[in-house]
Amino acid sequence: MSDIEHKLIPQQHEMSFALVEGKPFTKMPVDLYIPPDALEVILEAFEGPLDLLLYLIRRQNLNILDIPILDITQQYVKYIELMHQLNFELAAEYLVMAAMLAEIKSRMLLPKPQSEDEEDEDPRAELVRRLQEYERFKQAAEDIDELPRLGRDFQVLSAYVDVSQFQADDSQVELRDLLMAFKDVMARVDLKASHAIERERLSVRSRMSVVLNSLLKTKTVRFGSLFTKAEGKQGALVTFLAVLELLKAQSLELVQNTPFGEIYLTQPKSIN
Amino acid sequence: MEIKEIKNIVEAALMVSDQPISIKQLLLLFPEQELTANDINRAINALENDYHGRGIELKKLASGYRLQTSESIQPWLLNLWQQKPKKLSRALLETLALIAYRQPITRGEIEDVRGVAVSSKIIHYLMDREWVRVLGYRDVPGKPAMLGTTQIFLDDFNLASLQELPSLAEIKDIETLEPELFFDIDQTPTATHSKDELNE
Amino acid sequence: MEIKEIKNIVEAALMVSDQPISIKQLLLLFPEQELTANDINRAINALENDYHGRGIELKKLASGYRLQTSESIQPWLLNLWQQKPKKLSRALLETLALIAYRQPITRGEIEDVRGVAVSSKIIHYLMDREWVRVLGYRDVPGKPAMLGTTQIFLDDFNLASLQELPSLAEIKDIETLEPELFFDIDQTPTATHSKDELNE
Chain A
0 MSDIEHKLIP QQHEMSFALV EGKPFTKMPV DLYIPPDALE VILEAFEGPL DLLLYLIRRQ
60 NLNILDIPIL DITQQYVKYI ELMHQLNFEL AAEYLVMAAM LAEIKSRMLL PKPQSEDEED
120 EDPRAELVRR LQEYERFKQA AEDIDELPRL GRDFQVLSAY VDVSQFQADD SQVELRDLLM
180 AFKDVMARVD LKASHAIERE RLSVRSRMSV VLNSLLKTKT VRFGSLFTKA EGKQGALVTF
240 LAVLELLKAQ SLELVQNTPF GEIYLTQPKS IN
Chain B
0 MEIKEIKNIV EAALMVSDQP ISIKQLLLLF PEQELTANDI NRAINALEND YHGRGIELKK
60 LASGYRLQTS ESIQPWLLNL WQQKPKKLSR ALLETLALIA YRQPITRGEI EDVRGVAVSS
120 KIIHYLMDRE WVRVLGYRDV PGKPAMLGTT QIFLDDFNLA SLQELPSLAE IKDIETLEPE
180 LFFDIDQTPT ATHSKDELNE
Chain C
0 MEIKEIKNIV EAALMVSDQP ISIKQLLLLF PEQELTANDI NRAINALEND YHGRGIELKK
60 LASGYRLQTS ESIQPWLLNL WQQKPKKLSR ALLETLALIA YRQPITRGEI EDVRGVAVSS
120 KIIHYLMDRE WVRVLGYRDV PGKPAMLGTT QIFLDDFNLA SLQELPSLAE IKDIETLEPE
180 LFFDIDQTPT ATHSKDELNE
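Protein chains in written order, with numbering that gives the first Met the number 0: chain A, 0 to 271; chain B, 0 to 199; chain C, 0 to 199.
Hints listed in this document are in silico derivations from the structure and should not be mistaken for laboratory results.
Any given hint might turn out to be false.
[Claimed, not checked] Straight-line distance between alpha carbons at most 25 Å, and here's what the computed DSS-like set of lysine-lysine pairs gives:
| id | chain 1 | residue 1 | chain 2 | residue 2 |
| --- | --- | --- | --- | --- |
| 1 | C | Lys23 | C | Lys58 |
| 2 | C | Lys142 | A | Lys182 |
| 3 | C | Lys3 | B | Lys3 |
| 4 | C | Lys83 | B | Lys58 |
| 5 | C | Lys120 | C | Lys85 |
| 6 | B | Lys120 | C | Lys85 |
| 7 | A | Lys104 | C | Lys58 |
| 8 | B | Lys120 | A | Lys218 |
| 9 | C | Lys6 | C | Lys59 |
| 10 | B | Lys120 | C | Lys83 |
| 11 | C | Lys120 | C | Lys86 |
| 12 | B | Lys3 | C | Lys58 |
| 13 | C | Lys120 | C | Lys83 |
| 14 | C | Lys23 | C | Lys6 |
| 15 | A | Lys218 | A | Lys182 |
| 16 | C | Lys23 | B | Lys171 |
| 17 | B | Lys120 | A | Lys182 |
| 18 | B | Lys142 | B | Lys59 |
| 19 | A | Lys247 | B | Lys142 |
| 20 | C | Lys120 | C | Lys142 |
| 21 | B | Lys23 | C | Lys83 |
| 22 | C | Lys85 | C | Lys6 |
| 23 | C | Lys3 | B | Lys120 |
| 24 | B | Lys3 | C | Lys6 |
| 25 | C | Lys83 | A | Lys182 |
| 26 | C | Lys59 | C | Lys3 |
| 27 | C | Lys86 | C | Lys58 |
| 28 | B | Lys120 | B | Lys171 |
| 29 | B | Lys58 | A | Lys182 |
| 30 | B | Lys142 | A | Lys216 |
| 31 | C | Lys58 | C | Lys83 |
| 32 | B | Lys58 | C | Lys3 |
| 33 | A | Lys216 | A | Lys247 |
| 34 | C | Lys86 | B | Lys120 |
[Claimed, not checked] Quick look at which bits of chain C chain A covers, simulated, 3 or more residues with Cβ under 8 Å:
| id | region |
| --- | --- |
| 35 | 63–77 |
| 36 | 90–96 |
| 37 | 142–155 |
[As the list claims (entries may be wrong)] Per the computed footprint, the stretches of chain C lying under chain A, defined by three or more beta-carbons under 8 Å from a beta-carbon of chain A, are:
| id | region |
| --- | --- |
| 38 | 14–21 |
| 39 | 39–49 |
| 40 | 110–122 |
Here the structure is a predicted model, which means the values were calculated and not measured.
Glycine included, each C-beta is placed from N, C-alpha and C at the ideal position.
Extracted from the complex, chain A is given alone in its bound form:
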């Protein structure tokens, strides 16, 4: 019984944040000296300048509300320099933070204004607020990581069920769901580049499918048969553009056996 009980206790693995030469690092180094080959992995373990700053403060048991700004700035800049020397790709955010620290330091050196307005706030106040705000979410992230998680800490039971009887009523999907999915995915693409899909483009696209579909059935299609009077000029144009697009993508080939003879569409030879 004792055997199983021991086994049943969920194992707490100490989080190692970096692997150096195969050996896991579970703690940040105590002093500023870091073995040169380890620096990169350690720096990679920082989630940005706030994280690095927080580490410097916590490592020395400094009070976050009363940071010795000179000390911290010097240490921070040393780290930045080390990163620089090692050609470690430095995110711009780290440099912005260095500038911010320097600014706070210089403001603290200035004599305090005489007026007793509310404005003579501690120059560190904004930084302290941001550090605390970051720290609480850093903690929240750890807390969330400790919540029992599906797949890692537990599984959902799934007894086998013979679905053949259920096939008739498979999952349903509404056109609206599909449209919303498309809108969302396009919104995400728009984050990177702003190009919307227009109606015209769509009809060329869908006509490309129609053309390929007819090729699947018969292997060769007479070029002229792609066009119908009913669709008018615009329809003909769309079909023509679709064929050009497919040619460009080398998804089909055009064959003409005699000059001015009938043109045929075929599947590209390389595929057959």
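Following the hints, complete the assembly by docking chains B and C onto the known chain A.
Structure of chains B and C alone, referenced to chain A:
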């Protein structure tokens, strides 16, 4: 190790898997205990007894044991299935939407837009439903398949032709016209609100 | 209808579903019997008793009941799989935490708090897991998407509601700094503190 504990672990393993598990595999559950096939068999027998007269049964198949619903219970389950169609996953819907709007499109292109890999399971599902088919192969290295939608896709989505798919601008309009339709899908907004209050 | 029979059918239904099932849905199993929510609740309670001391538990979530393995059994079950479950990166967890606690939140706001850019890969991953969704768009230039968590996030993290998230640490104000605070300032609230101890 007591038979009861072995039984509990074997049961949980069988329960989370809808594939049959062999005795040999079940032995893998206990890498540090010196158990034999005999021990596992005893646990299996005990489980079989437990399930007697229940809605689930332990079925012995060629490749191992599988927990499944007993036949007597199927008609009841059917009631639930008919009422509650399975919801398709977001990844699946997005993949289908991209195929519909951007066809012919390769899997790689879908991945480029979505920023994540498209699972084979999704493609298989779409093909099983006959919503999507391979239209041809692109003549580039790897000869990727070009995917497109089918007639059955149009039928199932009540479309006469692909031209009937609304443009992106029109989709945005649907949303503003019927906002309530899109925000009652789950209860998060309300829950969020009260959480925020806790934070203030 | 006997309670035992109801119990068997409810159990089988919970076992085959990979999503939580509500009492209301469970009632659909019995279209011709005149059962009430009370009958279902009694069956649920009986099941809970059955599972006591086994590797299985009945979890009550926002959207209903779900049968799952208990955490104590997981280390055993992991022996069966070659691949260990993937760890989530700190960047991803921090982003998820901000979305969970601060929803609706834009990507820019997440970046403000974290002090670094949020990679698109992380957002895509969160959306692909269906833990995060776009709740709407903020009416400011650029119309940034407002992100929030989903029902699936709650289900996958074993939470019945957002209220069950661990509480956030408090923010101390530099203006109210008092000398005696100097000594215990580092001890964030007790809940957090005891968590830390577990990690050492």
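To see whether the hints hold, each was checked on the structure:
no.: 1; hint: Lys23(C) to Lys58(C); result: 16 Å, holds
no.: 2; hint: Lys142(C) to Lys182(A); result: 14 Å, holds
no.: 3; hint: Lys3(C) to Lys3(B); result: 24 Å, holds
no.: 4; hint: Lys83(C) to Lys58(B); result: 28 Å, violated
no.: 5; hint: Lys120(C) to Lys85(C); result: 16 Å, holds
no.: 6; hint: Lys120(B) to Lys85(C); result: 20 Å, holds
no.: 7; hint: Lys104(A) to Lys58(C); result: 54 Å, violated
no.: 8; hint: Lys120(B) to Lys218(A); result: 30 Å, violated
no.: 9; hint: Lys6(C) to Lys59(C); result: 16 Å, holds
no.: 10; hint: Lys120(B) to Lys83(C); result: 21 Å, holds
no.: 11; hint: Lys120(C) to Lys86(C); result: 16 Å, holds
no.: 12; hint: Lys3(B) to Lys58(C); result: 23 Å, holds
no.: 13; hint: Lys120(C) to Lys83(C); result: 22 Å, holds
no.: 14; hint: Lys23(C) to Lys6(C); result: 15 Å, holds
no.: 15; hint: Lys218(A) to Lys182(A); result: 36 Å, violated
no.: 16; hint: Lys23(C) to Lys171(B); result: 34 Å, violated
no.: 17; hint: Lys120(B) to Lys182(A); result: 23 Å, holds
no.: 18; hint: Lys142(B) to Lys59(B); result: 43 Å, violated
no.: 19; hint: Lys247(A) to Lys142(B); result: 15 Å, holds
no.: 20; hint: Lys120(C) to Lys142(C); result: 20 Å, holds
no.: 21; hint: Lys23(B) to Lys83(C); result: 20 Å, holds
no.: 22; hint: Lys85(C) to Lys6(C); result: 36 Å, violated
no.: 23; hint: Lys3(C) to Lys120(B); result: 38 Å, violated
no.: 24; hint: Lys3(B) to Lys6(C); result: 23 Å, holds
no.: 25; hint: Lys83(C) to Lys182(A); result: 35 Å, violated
no.: 26; hint: Lys59(C) to Lys3(C); result: 21 Å, holds
no.: 27; hint: Lys86(C) to Lys58(C); result: 24 Å, holds
no.: 28; hint: Lys120(B) to Lys171(B); result: 30 Å, violated
no.: 29; hint: Lys58(B) to Lys182(A); result: 46 Å, violated
no.: 30; hint: Lys142(B) to Lys216(A); result: 20 Å, holds
no.: 31; hint: Lys58(C) to Lys83(C); result: 24 Å, holds
no.: 32; hint: Lys58(B) to Lys3(C); result: 22 Å, holds
no.: 33; hint: Lys216(A) to Lys247(A); result: 22 Å, holds
no.: 34; hint: Lys86(C) to Lys120(B); result: 23 Å, holds
no.: 35; hint: 63–77; result: holds (count 12)
no.: 36; hint: 90–96; result: holds (count 5)
no.: 37; hint: 142–155; result: holds (count 3)
no.: 38; hint: 14–21; result: holds (count 3)
no.: 39; hint: 39–49; result: violated (count 0)
no.: 40; hint: 110–122; result: holds (count 7)
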